[in-house]
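**Student:** Next come the chains, spelled out residue by residue.
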Amino acid sequence: MAELKGWKEIPIGGMVLEPGSSIEYITGTWRSMRPVRDEEKCTHCMICWVYCPDSAIIVEDGRVKGIDYDHCKGCGICALECPVKVEKHAITGKPGKVIQMVEEV
Amino acid sequence: MAKQIVKALDGAAAVAEAMRQIDPDVVAAYPITPQTAIVQTFSQFVADGLVGTEFIPVESEHAAMSACVGAAAAGGRVMTATAANGLALMWEVVYIAASMRLPIVMSVVNRALSAPLNIHCDHSDSMGARDSGWIQIFSENPQEAYDNTIQAIRIAEHPDVLLPVMSMQDGFITGHGVERVEVLEDQAVKDFIGEYTPKYSLLDIDNPKTFGAWAFYDYYFEFKRQQTEALSKVPKVVEEVGQEYGKLTGRYYGLFDPFEMDDAEIAIVVLSSAAGTARTVVRKLRKEGVKIGLLKPRLYRPFPGKEIVELLKDVKVVGVMDRSIAFGSIEGCGPLYLDICASFFTYGNGKAPKVVDYIFGLGGRDILPEQIEGMVRELIHIAETGEVKQVVGYLGLR
Numbered sequence: 001m002a003e004l005k006g007w008k009e010i011p012i013g014g015m016v017l018e019p020g021s022s023i024e025y026i027t028g029t030w031r032s033m034r035p036v037r038d039e040e041k042c043t044h045c046m047i048c049w050v051y052c053p054d055s056a057i058i059v060e061d062g063r064v065k066g067i068d069y070d071h072c073k074g075c076g077i078c079a080l081e082c083p084v085k086v087e088k089h090a091i092t093g094k095p096g097k098v099i100q101m102v103e104e105v
Numbered sequence: 001m002a003k004q005i006v007k008a009l010d011g012a013a014a015v016a017e018a019m020r021q022i023d024p025d026v027v028a029a030y031p032i033t034p035q036t037a038i039v040q041t042f043s044q045f046v047a048d049g050l051v052g053t054e055f056i057p058v059e060s061e062h063a064a065m066s067a068c069v070g071a072a073a074a075g076g077r078v079m080t081a082t083a084a085n086g087l088a089l090m091w092e093v094v095y096i097a098a099s100m101r102l103p104i105v106m107s108v109v110n111r112a113l114s115a116p117l118n119i120h121c122d123h124s125d126s127m128g129a130r131d132s133g134w135i136q137i138f139s140e141n142p143q144e145a146y147d148n149t150i151q152a153i154r155i156a157e158h159p160d161v162l163l164p165v166m167s168m169q170d171g172f173i174t175g176h177g178v179e180r181v182e183v184l185e186d187q188a189v190k191d192f193i194g195e196y197t198p199k200y201s202l203l204d205i206d207n208p209k210t211f212g213a214w215a216f217y218d219y220y221f222e223f224k225r226q227q228t229e230a231l232s233k234v235p236k237v238v239e240e241v242g243q244e245y246g247k248l249t250g251r252y253y254g255l256f257d258p259f260e261m262d263d264a265e266i267a268i269v270v271l272s273s274a275a276g277t278a279r280t281v282v283r284k285l286r287k288e289g290v291k292i293g294l295l296k297p298r299l300y301r302p303f304p305g306k307e308i309v310e311l312l313k314d315v316k317v318v319g320v321m322d323r324s325i326a327f328g329s330i331e332g333c334g335p336l337y338l339d340i341c342a343s344f345f346t347y348g349n350g351k352a353p354k355v356v357d358y359i360f361g362l363g364g365r366d367i368l369p370e371q372i373e374g375m376v377r378e379l380i381h382i383a384e385t386g387e388v389k390q391v392v393g394y395l396g397l398r
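Protein chains in written order, with the working numbering: chain E, 1 to 105; chain U, 1 to 398.
Hints are computed from structural coordinates only; laboratory data are not their basis.
What you are looking at is a predicted structure, and each value in this text was computed from that prediction instead of being measured.
Where is the CB? At the ideal position from N, CA and C, for every residue including glycine.
Heads up, some of the hints might be wrong.
[Said to hold, decoys possible] With a straight-line Cα cutoff of 30 Å, these simulated BS3-like cross-link-like pairs (lysine-lysine) come out: (1) E:LYS41 - E:LYS88; (2) U:LYS236 - U:LYS287; (3) U:LYS291 - U:LYS209; (4) U:LYS209 - E:LYS73; (5) U:LYS247 - E:LYS8; (6) U:LYS291 - E:LYS5; (7) E:LYS5 - U:LYS389; (8) U:LYS236 - E:LYS8.
[What the hints assert, rightly or not] Now the stretches of chain E that chain U is said to cover, found in silico as 3 or more residues with beta-carbon under 8 Å: (9) 3 to 12; (10) 15 to 24.
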């Protein structure tokens, strides 16, 4: 978050004059649950990317690279929608899906 | 001075005529008595091709003000009209319009809020919106309703202001009362209001902007402070526009309209059409030697407290007449009384006349000259004895 400005320094009426500025707003701090992905077993089907309401699935060259934790609010939709089952998740060690939710620390 | 045509118009038709001449980009409105006559007449102008306005017949007043907010954010010159419960239904978006700094002009034909259901005049509707951040201007008669509608465009769109304006007239008494109205020629109105170039527009696709974004504890406070600052600029703009309009029409407008105030010891303060009745009483009592004057505020929000104290500081007694009750306020007084008292506390340097309040005219109850005379007799008694028996009285109450 940029340095906070005074009332004389900001545009009127709550207007945001620069496009694309929401990337500066770190909404990841709201998260109480964190999605974690088993990179090895991920099939890069892009279902999580389609469903993520915060565009927080980072994709490069058609492959999932990771999760943007600065903007992921931890809603859990990616974990719910992930279609790929695992017997033992690389991070949680539990059976379930490639993306699983863990407690935020 | 510009050429003017005299027409027989009621207040609603006078506002519709002003709106035809203003030819706003968008009007979104929903009918409600006694305002219906405005949008009904204006929609006929639209149907007849006399204006280029996009008229949006919406499904409710909440939708009306929402459409106005959207159209104004898009950069249009936007107007609407409402009354009473219609204004109440707009509530959420009324605040949004002011907070987003959209210079919408809304004509309000004052009508009592339900319940009981009532279609006649009092000021409970617009007084409820007095803290919403809108500029509020009250008109006494159809001529003022016409003049204030045109001036409201200039005030709202002034670069120092950029706030919406509510322009009031009394339901039925003014709204449906036919009077002589001097009307400017169309071109003179167009020249006076000028082209509207919005400072920011959603349709400026080369410079995309976000309107109506959120602001939490980190920025919300700063935007509210900006609104107060903008309102503080309003009185000067109102006076400048009123002077310029006066040069054009011969009818000069300021923050308020004083009558016989120069040596007055007793003053009546009242808004809108009842000021006409009070003026008749003042004229009569002046002939009888009573040193009485009348102050009719025109600009109610922002309240020109400093200027009003300056005008009233030498009188002995002020009788405020309120056409609504600020329920739960001290002694069940009205909002105008609260503003006058607060103004003396703030700007009076520790001195203030006796100020008493009279509630009148609720739900369209007639106010008669004899009742105002009776009130003045009480004010004279207070002036002579310094004794206030009751802070809030009632005129015409059984």
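**Student:** Are the hints correct? Go through all of them and say.
**Tutor:** Checked hints:
1. The hinted pair formed by LYS41 of chain E and LYS88 of chain E meets the criterion: a straight-line CA distance of about 10 Å does not exceed 30 Å.
2. Restraint check for LYS236 of chain U and LYS287 of chain U: not satisfied, since their Cα atoms lie roughly 35 Å apart, outside the 30 Å limit.
3. Proposed proximity of LYS291 of chain U and LYS209 of chain U is contradicted: the alpha carbons are some 58 Å apart, above 30 Å.
4. With a C-alpha separation of about 25 Å, the suggested pair LYS209 of chain U and LYS73 of chain E falls inside the 30 Å cut-off, and the hint holds.
5. For the hint linking LYS247 of chain U to LYS8 of chain E, the alpha-carbon distance of about 35 Å lies beyond 30 Å, and the restraint is violated.
6. For the hint linking LYS291 of chain U to LYS5 of chain E, the alpha-carbon distance of about 54 Å lies beyond 30 Å, and the restraint is violated.
7. At roughly 53 Å between alpha-carbon atoms, LYS5 of chain E and LYS389 of chain U are farther apart than 30 Å, so this suggested pair is violated.
8. A threshold of 30 Å between alpha carbons decides the hint, and for LYS236 of chain U with LYS8 of chain E the separation of about 20 Å falls inside it, so the pair holds.
9. Given a C-beta distance limit of less than 8 Å, the hint that chain U covers the segment 3 to 12 of chain E holds, as 7 residues qualify and 3 suffice.
10. Residues of the segment 15 to 24 of chain E with a Cβ under 8 Å from some Cβ of chain U number 5, which satisfies the need for three, so the listed coverage holds.
In summary, the structure is inconsistent with hints 2, 3, 5, 6, 7 from the numbered list given earlier, while agreeing with the others.
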